[in-house]
Amino acid sequence: MKRLNKSSVLFLVGAVLVFSVIQVLISMKIINSFWSTILLQAGVMAIVALGLNLIYGFNGQFSLGQYGFYAIGAYTAADITYRWTQLHSASGLTVVLMIAILAGITIMLIRNVVTKIRGLDTLSAFALYLTAVVFSIFVAIKIGQLIANPVTALFNSLPEQTSQYIIYLLAVLLGGAIAAEVSFLFGLPVLTLGSDYFGIATLGFSIIVKVLLDNSDTMLGFAEMKGARGMIGIPKVTTWAFVFFFLLLTVVIIRNLLNSSYGRAIVSIREDETAATSMGIDVAFYKTITFVIGSFFAGLAGGLYAHINGFLHPNTFSFVKSFDPLIIVVFGGLGSVTGTVGAAFGWALVLEGVLRLVLPDGFETWRFVIYPALLLVMMLLKPNGLFGNYEIPFIRSIVPALKEKKADSETAKEAA
Amino acid sequence: MAETTNTTPILELRKLCRYFGGLKAVNEVDLVLQPHALNGLIGPNGSGKTTIFNVITGIYEPTGGEVVFEGQSIGGLDPFIINQMGIARTFQNIRLFPNLTVLDNVRIAYHPHAGYSMSDAIMHNKHFDEKEKELTEKAQDFLRVFNLQDRQAEIARNLPYGEQRRLEIARGLASSPKLLLLDEPAAGMNPKEAITLMELIHFIRDKFDLTILLIEHQMRVVMGICEHITVMDFGQVIARGSAQDVQKDKHVIEAYLGPGAAELSKQYLKERKQ
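Chains A and B, in that order, give the protein sequences.
Counting from 0, one number per residue, gives the positions in the first sequence under numbering that gives the first Met the number 0.
Counting from 0, one number per residue, gives the positions in the second sequence under numbering that gives the first Met the number 0.
Treat the hints with care, as some may be off.
Straight line, CA to CA, 20 Å or less: simulated DMTMM-like cross-link-like pairs of lysine to aspartate or glutamate [said to hold, decoys possible]:
1. A:Lys402 / B:Glu60
2. B:Lys23 / B:Glu65
3. A:Lys5 / B:Asp128
4. A:Lys402 / B:Glu226
5. B:Lys269 / B:Glu253
6. A:Lys320 / A:Glu363
7. B:Lys177 / B:Asp77
8. A:Lys209 / A:Glu223
9. B:Lys177 / B:Asp140
10. B:Lys137 / B:Asp208
11. B:Lys249 / B:Glu270
12. B:Lys137 / B:Glu153
13. A:Lys402 / B:Glu129
14. B:Lys14 / B:Glu60
15. B:Lys206 / B:Glu226
16. B:Lys132 / B:Glu162
17. B:Lys206 / B:Asp140
18. A:Lys235 / A:Glu159
19. A:Lys402 / B:Asp128
20. B:Lys137 / B:Asp149
21. A:Lys320 / A:Asp213
22. B:Lys125 / B:Glu136
23. A:Lys402 / B:Glu133
24. A:Lys235 / A:Glu223
25. A:Lys402 / B:Asp77
26. A:Lys115 / B:Asp77
27. A:Lys402 / B:Asp140
Keep in mind that the hints were calculated from the coordinates and are not lab data.
Given these sequences and hints, build the entire structure.
Here's what the structure looks like:
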């Protein structure tokens, strides 16, 4: 493995160390369940915020919809595992899996066609996508229900623990996939708006999701989600190991993406959209793909979150809460992966942990006075965020050394 | 005036119009650019030069008329497609990617030729390593042409003005164009710097086999290097030809100095001779 340089090794060693120390402390019950739940939530929040940082910090699109996708991921994953543990049926898994696959294929096929049509306006393209996806979902549900019984039998033949974990992991990934597909359809027309208008539109999106979830039992017909009463009976299977693994995966994927030509294309749109498009960057495509990737991470984190407490309530995804990842991203430093992870953990540990313990009984609500005040001070003292542009060496992009070249003497002279 | 070369023009504007409401920013402009030529586009402020650039590069859609690039009509295409077809530009008020390094500014322009997929990038596999190395070396070569190689790690907005201008041209070249549009490349430079820049433009034209169309206000510069000059006023072409032709043109003098100026300048020249 010649490709592991010093910073990668250091990062991996550090990650393994952090993971194992916390894992050992949790196993030895030195970290009690109160603190370990907070750690899990912090990890989940870090993934959500990393997704948002990609959209807002790196691509420059001000989005308030991250929590909407977080909710979609959470409820999708929860429904899959709920059906398995409570109803002993894999129908949730098969249907959602088919939807994710078929809708994905449909989107790609249509994209191939649409990009070849010259002068097709966005709304027509959107209508085309939407019709085709709705149709593919219809087909997917039929196929999903058809294969539900054999798949259930298959999972029943496996040991109980194994099938539980396989379904859980698939559910988490599918939560991400569904969120990503929804974000593609939503982003297509909305990403043509300028940044501020885009922010308002995404805010609208997260409100729609919240209202739909409030009425999920009546409007959507998912009785098991119980609408505004909150969904119970989700298995509590998310552990520190899962959260840490997915967080690590997110960090590495985002780091690799950013340190590539695609990442630079994404960042160039934040820097100057007109210049980017004049330099051959397909601005609409990169805005969409960034939005989709960011939302995928939100959905993934939602899936993890649903299985921490085994309880989901639409209020978790309310309008006010949807500012949380935004605050974390700005607090940690727009466009800093390190800052986002740091701020997410700091945010959860301080707000939910330390302040709750420090404040006397009956004053817990003062948390929400103290922490906005902290925010204010922070913005005044360090408007760039806690970490500014700082990245740990593993994530930082390196400027490669100049290779010595037989001097193009003519060139050098000419340029003066 | 009409050029009778048998080569097909690289760019042709046919009765190109661009209106903003009632303002005819560009009105029925015809322009033919022969391959490998160095063309100048001049005219008083507000005469529609930059609008022409914006229409050619796809930032604005033409209101009427046609833009034909290498025999293909490109009016109304997306700017990134036009760039990938082979037209690059610089901007009047420098538009770099200000918070990125000098190297990344150039590497971004090379992105359509990156040669690896997004999944390669996420995996950071061997193919990615090779192509990324290739891309970086290519970008560094472009920086070398403009003598910016020692600045590669610098943040673009921290460069001095002249270097920012050069970087913008380097970035334009990195997108491998056949036609390069330069919008006032010598703006804000002193005469000496401007002359050096013009020599550089001449040099890259030959080295990269480009056609160049440039807007410039420093007459010394335009007259010095442009083989063919088009003069615009109020959205219309008022004169075209070589530097000498244009300088003598009555319409040009009046556009710059006001009505009646042509007569005055003739008298002045006569008096000076006596």
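Each hint tested on the structure:
no. : hint                : verdict
1   : A:Lys402 / B:Glu60  : 43 Å, violated
2   : B:Lys23 / B:Glu65   : 16 Å, holds
3   : A:Lys5 / B:Asp128   : 17 Å, holds
4   : A:Lys402 / B:Glu226 : 37 Å, violated
5   : B:Lys269 / B:Glu253 : 18 Å, holds
6   : A:Lys320 / A:Glu363 : 17 Å, holds
7   : B:Lys177 / B:Asp77  : 18 Å, holds
8   : A:Lys209 / A:Glu223 : 17 Å, holds
9   : B:Lys177 / B:Asp140 : 18 Å, holds
10  : B:Lys137 / B:Asp208 : 17 Å, holds
11  : B:Lys249 / B:Glu270 : 18 Å, holds
12  : B:Lys137 / B:Glu153 : 18 Å, holds
13  : A:Lys402 / B:Glu129 : 15 Å, holds
14  : B:Lys14 / B:Glu60   : 14 Å, holds
15  : B:Lys206 / B:Glu226 : 17 Å, holds
16  : B:Lys132 / B:Glu162 : 25 Å, violated
17  : B:Lys206 / B:Asp140 : 13 Å, holds
18  : A:Lys235 / A:Glu159 : 15 Å, holds
19  : A:Lys402 / B:Asp128 : 16 Å, holds
20  : B:Lys137 / B:Asp149 : 15 Å, holds
21  : A:Lys320 / A:Asp213 : 15 Å, holds
22  : B:Lys125 / B:Glu136 : 17 Å, holds
23  : A:Lys402 / B:Glu133 : 12 Å, holds
24  : A:Lys235 / A:Glu223 : 17 Å, holds
25  : A:Lys402 / B:Asp77  : 36 Å, violated
26  : A:Lys115 / B:Asp77  : 13 Å, holds
27  : A:Lys402 / B:Asp140 : 10 Å, holds
Checked against the numbered hints given earlier, this structure breaks hints 1, 4, 16, 25; the rest are met.
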